[in-house]
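Got chain A sorted already, so can you dock chain B onto it with the hints?
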Amino acid sequence: AQKVTQAQTEISVVEKEDVTLDCVYETRDTTYYLFWYKQPPSGELVFLIRRNSFDEQNEISGRYSWNFQKSTSSFNFTITASQVVDSAVYFCALMNSGYSTLTFGKGTMLLVSP
Amino acid sequence: NAGVTQTPKFQVLKTGQSMTLQCAQDMNHEYMSWYRQDPGMGLRLIHYSVGAGITDQGEVPNGYNVSRSTTEDFPLRLLSAAPSQTSVYFCASSYFGRSGSGNNEQFFGPGTRLTVL
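If you read the protein sequences in the order shown, they are chains A and B.
Position 76 of the first sequence, counted from 1, bears residue number 76 in the working numbering, the numbering being contiguous throughout.
Position 51 of the second sequence, counted from 1, bears residue number 1051 in the working numbering, the numbering being contiguous throughout.
Bound conformation, chain A alone:
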């Protein structure tokens, strides 16, 4: 069975602080995909990143960076110099190799105050 754990239910930071959102996953598949989605207060789901299980390179996109470590089954997401517009719920998700089915974590609500 697949499982995604986001242990942080809610995080509050002040603008310009760095913040890391944790994601730990479980799967028996050797080929899988990991995702991060952002859900702003407006409610839509915004795709942020996809990473396959064979690519452990860290990725940076502007203020966002992702650290994928297969040894610890983690795919953590860091926002550098957070901004109020980063306030949202962030979901980590896992997709197995056979089908396009996503298993989501319960999400982490990030509140960035001015």
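Careful: at least some of the hints might be erroneous.
[Said to hold, decoys possible] Taking lysine to any residue and the SDA-like style, the derived pairs with C-alpha atoms no more than 20 Å apart in a straight line are:
#1 B:K1009 to A:P40
#2 B:K1014 to B:A1082
#3 A:K106 to B:T1007
Read the hints as simulated data drawn from the structure, not as lab findings.
Chain B alone, transformed into the frame defined by chain A:
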């Protein structure tokens, strides 16, 4: 391309009423799915389809029916609504990604907020 569209955006039902949530995509994606989002629970898979005429159950299928008569449409039916079905429903589509294909990005619709009284 309109992407993934869902109608209605909001709906209020009384217990026992039936309704259909509509989902359509214009990207010729084989794979379509329905998720429900409840507070503190993340998104959970209800039903999915890997092509026209093929559907299967997800994690929380009870109380919902689906069919897939065309590639474009994947409606979700509530035959007898219950308060436990109050939720936000998301439809998603993607290419049917097999191992190593990489074409697994899911495109989500804007969601339907359903309240059952």
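Tested hints:
| no. | hint | result |
| --- | --- | --- |
| 1 | B:K1009 to A:P40 | holds, 17 Å |
| 2 | B:K1014 to B:A1082 | holds, 8 Å |
| 3 | A:K106 to B:T1007 | violated, 25 Å |
In summary, the one numbered hint that this structure violates is 3.
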